[in-house]
Each structure stands twice: as structure tokens, then as C-alpha cells.
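Going down the list, the sequences are from chains A and C.
Residues 0 to 588 (numbering that gives the first Met the number 0) make up the first sequence, in order.
Residues 0 to 255 (numbering that gives the first Met the number 0) make up the second sequence, in order.
Hints should not be assumed to be uniformly reliable.
Chain C is nowhere near these chain A residues, computed Cβ spacing over 10 angstroms in every case [as the list claims (entries may be wrong)]:
no.: 1; residue: 94
no.: 2; residue: 123
no.: 3; residue: 145
no.: 4; residue: 210
no.: 5; residue: 212
no.: 6; residue: 221
no.: 7; residue: 249
no.: 8; residue: 293
no.: 9; residue: 372
no.: 10; residue: 552
no.: 11; residue: 555
no.: 12; residue: 582
The calculated EDC-like cross-link candidates involving lysine to aspartate or glutamate, where the alpha carbons are at most 16 angstroms apart (straight line), are [claimed, not checked]:
no.: 13; chain 1: A; residue 1: 50; chain 2: C; residue 2: 157
no.: 14; chain 1: A; residue 1: 217; chain 2: C; residue 2: 157
no.: 15; chain 1: A; residue 1: 21; chain 2: C; residue 2: 156
no.: 16; chain 1: C; residue 1: 160; chain 2: A; residue 2: 15
no.: 17; chain 1: A; residue 1: 194; chain 2: C; residue 2: 60
no.: 18; chain 1: A; residue 1: 347; chain 2: A; residue 2: 321
Because the hints were derived from the structure by calculation, they are not lab data.
As the structure is a computational prediction, the values presented were derived from the model and not from experiment.
Cβ atoms here follow ideal geometry from the backbone N, Cα and C, with glycine treated the same way.
Residue-level listing of the chains:
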Amino acid sequence: MTKIKICGLFREEDIDFVNEAKPDYIGFVFAKSHRQVSKETATKLKNKLDKNILSVGVFVNENINKIAEICNENIIDFVQLHGDEDDKYINDLKKVCNKKIIKAIKVKNGEDIIRWRNCQADLLMFDAGMGEGKTFDWSVLKNFIRPYFLAGGINENNIEEALNLNPFCIDVSSGVETNKVKDKNKILNIVRRIKMSNTRFGMYGGQYVPETLMNEIKNLEKQYEYYKNNPEFIKELNDLLKNYAGRPSLLYYAKNMTKDLGGAKIYLKREDLNHTGSHKINNVLGQVLLAKKMGKTRVIAETGAGQHGVATATAAALLGLECEIFMGEEDTKRQALNVYRMKLLGAKVHSVTSGTRVLKDAVNETMREWSNRVNDTHYVLGSVMGPHPFPTIVRDFQSVISKEAKQQILEYEKKLPYAVIACVGGGSNSMGMFYNFIEEKGVKLIGCEAAGKGLNTDKHAASIAKGKIGIFHGMKSYFCQDKYGQIAEVYSISAGLDYPGIGPEHAYLHDTGRAEYVPVTDEEAVSAFEYIAKTEGIICAIESAHAVAYARKIAPKIDKNESIIVCLSGRGDKDVAAIARYRGEKIYE
Amino acid sequence: MNRIESAFKNKKAFIPFITAGYPNINKTEDFIYKMVSAGADLIEIGIPFSDPLAEGPVIQESSQKALEAGTNLDNIFELVKKVRKTVTIPLVFMTYINPVFSYGYDNFFKQCSLIGIDGIIIPDLPFEEKNEISDYAKKYDVKIISLIAPTSEQRIEEIAKDAEGFLYIVSSMGVTGVRNEIKTDLKSILASVKNTTSVPAAIGFGIHSPEQAKEMSKISNGVIVGSAIIKIIKQYGPDADKYIYDYVKSMKGAMN
Chain A
0 MTKIKICGLF
10 REEDIDFVNE
20 AKPDYIGFVF
30 AKSHRQVSKE
40 TATKLKNKLD
50 KNILSVGVFV
60 NENINKIAEI
70 CNENIIDFVQ
80 LHGDEDDKYI
90 NDLKKVCNKK
100 IIKAIKVKNG
110 EDIIRWRNCQ
120 ADLLMFDAGM
130 GEGKTFDWSV
140 LKNFIRPYFL
150 AGGINENNIE
160 EALNLNPFCI
170 DVSSGVETNK
180 VKDKNKILNI
190 VRRIKMSNTR
200 FGMYGGQYVP
210 ETLMNEIKNL
220 EKQYEYYKNN
230 PEFIKELNDL
240 LKNYAGRPSL
250 LYYAKNMTKD
260 LGGAKIYLKR
270 EDLNHTGSHK
280 INNVLGQVLL
290 AKKMGKTRVI
300 AETGAGQHGV
310 ATATAAALLG
320 LECEIFMGEE
330 DTKRQALNVY
340 RMKLLGAKVH
350 SVTSGTRVLK
360 DAVNETMREW
370 SNRVNDTHYV
380 LGSVMGPHPF
390 PTIVRDFQSV
400 ISKEAKQQIL
410 EYEKKLPYAV
420 IACVGGGSNS
430 MGMFYNFIEE
440 KGVKLIGCEA
450 AGKGLNTDKH
460 AASIAKGKIG
470 IFHGMKSYFC
480 QDKYGQIAEV
490 YSISAGLDYP
500 GIGPEHAYLH
510 DTGRAEYVPV
520 TDEEAVSAFE
530 YIAKTEGIIC
540 AIESAHAVAY
550 ARKIAPKIDK
560 NESIIVCLSG
570 RGDKDVAAIA
580 RYRGEKIYE
Chain C
0 MNRIESAFKN
10 KKAFIPFITA
20 GYPNINKTED
30 FIYKMVSAGA
40 DLIEIGIPFS
50 DPLAEGPVIQ
60 ESSQKALEAG
70 TNLDNIFELV
80 KKVRKTVTIP
90 LVFMTYINPV
100 FSYGYDNFFK
110 QCSLIGIDGI
120 IIPDLPFEEK
130 NEISDYAKKY
140 DVKIISLIAP
150 TSEQRIEEIA
160 KDAEGFLYIV
170 SSMGVTGVRN
180 EIKTDLKSIL
190 ASVKNTTSVP
200 AAIGFGIHSP
210 EQAKEMSKIS
220 NGVIVGSAII
230 KIIKQYGPDA
240 DKYIYDYVKS
250 MKGAMN
């Protein structure tokens, strides 16, 4: 969540512009400059300023008492020091002034950054100069940990690059001016760009939901931003992951498979060994704990095959929240045992009879129920999809998969893998498997989509291969749809991959070429399901078998010194009867 | 004065909704004429979507049936073009963002302007995402009708400030559909709206009886009714003309 500061306001109309654009901060320059304001002017402007916008006073080597006077009259909410002030000055100022202090540092090279990293100021600002509109070499900021303001020569043309650094706040002044005064349209544009980028991955994502839900998802965003850095929350979640879900999960070297395929070493990330039998528990424990912290007493969730529903019901039972699950009528028939499991865990299961009566319709119905009752209810979305902040929240909670896998593979192999492979429906286990490898450019990221009965039929769920860009379920991404934008009925033997869209971060990874998405048919998946059972003694979920199938294809072509990691997202007990029927045996649960 | 403004001028507007293509596109045309002659001030034409997230079961079912009957954007544009030859009251589309996005924004709004559509309501396009279409809507002079919900609180002012055409005040939590009781404090929502904008505000969601219409029109500039009309079509099918006429007449009558 990058914030935005518009600096150097000195005219009354400047305040009108920002009141309309609503940046997070604005700046008054009290130091000598063509944008300088007197205390009197600043008072007048501050009175006119929208109360939700915080004001920053900019000073250069100013007398401490003079700053204290301006602070005490509440003309400004922050002090920005833009001269040669040192730690002693900052400590002295802290004694007489009750506002937070931002120390601006003129950056010439990386040493300037290192020298100031332990500075006593509350926040740091990195700038090229003093409002001349120059930029510095931003690459020196890579991996800088403290939150900082980025300033100096930022405008509409380099804003994307600036956002990629993920600064705490972006500071613009001359970049939103025309002929040395603030330009309303430039201000509106840059604030809009920054606010939009906070809800998106490139052009994908966003918050396309009914107005009734908007305050709730904004509240969720705010609460999540707080709790994700809250030590107590992190401790509780880690404790649940370790002592309840059974993490870390094993990274298992599949010796027999490796030998049989005769190529790269194959490692399996065993999410199937988690409590409740899949990766879903990682996200659910995080979200249900978050819901509880937010004061919610009830959780609702959609489910396809029932894995996410069972996981949500489990977490709700553990943490003492009321739980209702929405499941397409077709799926309740296909997965009757999971329906009973959820009931055993104390959840109420609603059979969804609208639309095509499968996962997509279950999501619709859960959204409808949420808009009916937001005050005490949190929607535990099961994948990296839906409106912002869900794709980010679910990805963060699932990223534990790649965090562990990366450490484990480095321990075993002393080098990174050649590729990581995972199946993709909405994309939560794959996003979790990819996330910590994204920055490792040498590691291939491969997502396996459900190609069902084949991409040349209409019986598949391959959003990337066969879908087009659209806006649905709160997000802009790739969707299977007809030429009029009606969402298509999709198909896969695997109920967990039977979804017409894909999470927005996957769409972005696809477009930028960072990840590759490949189709895997029912037949290939079933054959891999049987193969891994016979070679490794593991009955994996039919979803995960899509990833195993692709590993079988590529492993023989990869050098023996390389390794690949396949995410086994879940266990396959739930699929045994369906696979038997696929092979012509008359077995029912 | 544009058509939407005149619909609210010196009167309370009655705004019926109809799903285009339910039970078929020719009947939609007939139903629109009936609603106009019974005194409708503005008509909302629903472009059916496969997954209407903000709708209750009644409108969901009508959308599904309409799609099954072969309704699509091209034949809806044809329908409006035909209707516009004689109908002078404002017509607005109500749909979801994906059909509009898929058609291409420029192309969609160009068609709207050519056939005489005055505004558009898109429930899954909140204030934050309005920029998605605002340039195109402006270019072709189609008003974007924004929604305000019982949970909008501090957003009311922000949304109202930017409002055009009219504001759609969502009376209740949840989805569209007939309700016997409306619990939201609509008076205070409308007071905040009126403090911010002179754009008219109409109340929708749940309204079905003449008594409700009368009560709601006292505190707002108009009343929107959807599910109650779709229910009549569900009951009488292609023979619903007379019943629609009588219903619209009774609702409009109650508001005067």
C-alpha cells in the first residue's frame, strides 16, 4: 500500500485540487523556495484542507523553537527536515515537538542510504535534491528495509517504476506542476494511478463489487495491513500452523519417480500431509484468525470439491466462530462425504441451486450472503481471487509453501530448483508455491490448467489458454466466456480446478512472461494419479495430479543435476471413487 | 434539459425495471409500451448476465431464461432502437461490467448514444472503478448512475459529489427482491445526499406495494421497482401486458 504526498502547496486553489484528489499527505514548504509559505498562509491553507489529509511542514536547518511553535499550533502533522540536520538535532527537536519527524536525505550513491539507515527520525525520505525535479539511481534502494518516502523527479512517466520499489510513500511536487504551479489534472491523475495500483497487479485485480461491500473490503484491507505486521498475530498464526496444521510440510525426494523418469530430481512439497489434507488450511487459519481479531463472530465460504469448506469449518470449530458453507448442488451430490464432514465440524451447508450449480455459483451465493450481512461476518475466500485485498491476503497466507520449499531445497541441493510446478484453478496453491521464487529469475514457474476433455472441446477450465480478459467476481483477469461476455460453463474431472477464471496475480505473471501456464487433460491427470500411487505410494488429489502429469512430461528432458519441485496440494482419498468410475468400476461413496 | 432531468422535474419518478428478453425480446418491447402508457417516468432495461451478483432469485431466474431465449447485446440494441421511435421518456441500461467490457467500451457507449440510451447502472462498478468507463460514457453522453448503499456511510458524500443522472439509493442490505419491511435509516442517507448534490435520488430494492411507493416517494425523488414486475411476468408470461399496465398505474397513482 504505497501512499502519496503532494508537496509544495502555496495557493488556495492548490488546496481545492488536493481536497478533490485526496492524497494521504500534502507538504507546506517553510524554507526558502518559490513555493515558500509563511506561518499565516499555512494556517489559512490548513484550515481549508480536508481533515483526512495530513500536512507535512518542510524545513531546512531551521531554528528548533520555530518548528515547535508551528507544531504546537497544529498547522502541521509531520515535520520534514530537508537540510543538514543530524541525530542530535532530531533528538533535540523531539524534546520540544510532539509530531513525527521525517528526515530527508539527498542521495548521491548507495553509501548515503547505508549511512542513514539507523537515523533517529521516525521516517526517512530519499530525494535527489530539493524540489528541482531530478531523480537519483533508485536501484540503490533495493532491499532497504525501513519504510521510506521516495522523492525527486517523480511524474506520470516514471510512476510505475517508482511503485515497483514499493516505498511507504511517493512524494511529488514539480511532477504535478505546469509553469511552476500545481496542475489539477496532473494531481488527480497521479493520485488515481497510485490508489489504483494498490489494488492491482499490473492491470489485473481491482475491486469490482457492489457498493454494499465496499466499506467492508476497505476495512478488511486496513485491518489486514495492521495484523500482518502485528507480532502477536504472527505468533498465534505460526503456532497454529506448527502445532495444529502440522507445518512445516515435508519436501520429499521422490527417488522412484526420479529414477523411473531418468531426468531431473523430483521433489514433492507435501501439502497433502497438512491437517484436513490440503494446502487450504494455510489460508483458512490465517483468515479465520484475522476474522476473530476483527471482532467477527461468523464466517462464510464457498467450496467446490469441499476441501476449502472442510478447512474453513475446521478453523471455525477450533476458533469458536459460527460457520456457513455454500456449495453448488451438483458438487454436494458428487462430494456427499465432504458435506457430512462439514456438518460434523459444526458448519451449516447450503446447497446452491442458482446458475450452473457448481463452484462459480457457490462464489456468487457467498458474495450475496456477505452483502446481506457484513457487520458480524467475514467471507473466507478460498483462492487468490476476488476483489482486492483477497488475492494478496490468500497469497501471503499460502506463501509459506514456497518459503519452506526454498529453504528445504537449498538445504538438500545447495542450489535453487530448475522449476516449480503446481496446478491452477483459482490459483492458491500455485501462487503459494511460486511466490518466494518469483524474484529468483532462473527458476521456471509452471502452472497446470485443467484441459478437461481437451482444449479443442468446450469441456475444459483453461482460463489462460482459452479465456480472454474480463471482469468478474470482483477482479479483472482471464475468464472463460462467450463473445458477449457471459461467463462460460467450465469442466474438469477435478472439482477444485473447475472454475472459469484465474487469480489476477497469475494473469500478471502470465502477461509478463514470468510464469508459464500449460494445459493438462483429465486423461493425463488420471494416469498421473495412478502413476504416483504405484511408484511412490502416494494417493494425491486429482488436482495435484495435473502437476504430477506435467512433471512426468518434462523431467526426462531436464539434466540430472537439476531438480524440480511439484506441489502436492492435497491428498486423494476424496477422489478415489471418482477415479474408479472414470476407469469403469462401479464404486460409490 | 436532458431526458433524465425532465423525468424528475416537478414530480416523483416511478422507475420500473424489466429484464430484456424475458420471456422473449418481442414481449419486452410490448411490456415497455405498456409501462410507458401506464405512466412510467423512466425505464431500466436489464441486460441479462450469466452471474448477476446483486440480484435475488427472481431477477436471477429472469436473466437465465432471457439468455436461454437467445437474448444478447446486439438484439437488445435493436429492441431499444425500435422502442425509441415512439418512446420519449428516458431509458437506462442496468447490467454488469463484463458484458460491457467484452463488447468494448467505445463500441458499447457509441451504440447507446446512437439508439438513445440515457444512462447506465452497473452494480459491480463501484466509485473506485468508475474510471473504467467514465471517459467513454462522457464522450457519448451516457450518464453513469451511481449507487449508494445502507453501508456507504462516509462514502455518500464522495459518491454524491460525482453523481450525474440520478442516484440509486439501495434501500436494504443484500440483493434485489421483494421485502415487506425496509429497516434502513433512509431519511438520514437522503439528507446527506441532499446536502451534497442537487442530482435527484431514487430508492430501489425491495419495494413492491403502492403503500411502500407512497412512503418512499415522500422522502426521495423517485422509486425503482424490479422484482415485483418480473414476478408478474413470471406468473402471466406473454400475457402479462394488462397486469403490468395495471401494476405500474397503481404504483404511479400511489405516488401522486
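Enumerated hints in conflict with the structure, sorted upward: 4, 5, 9 and 17
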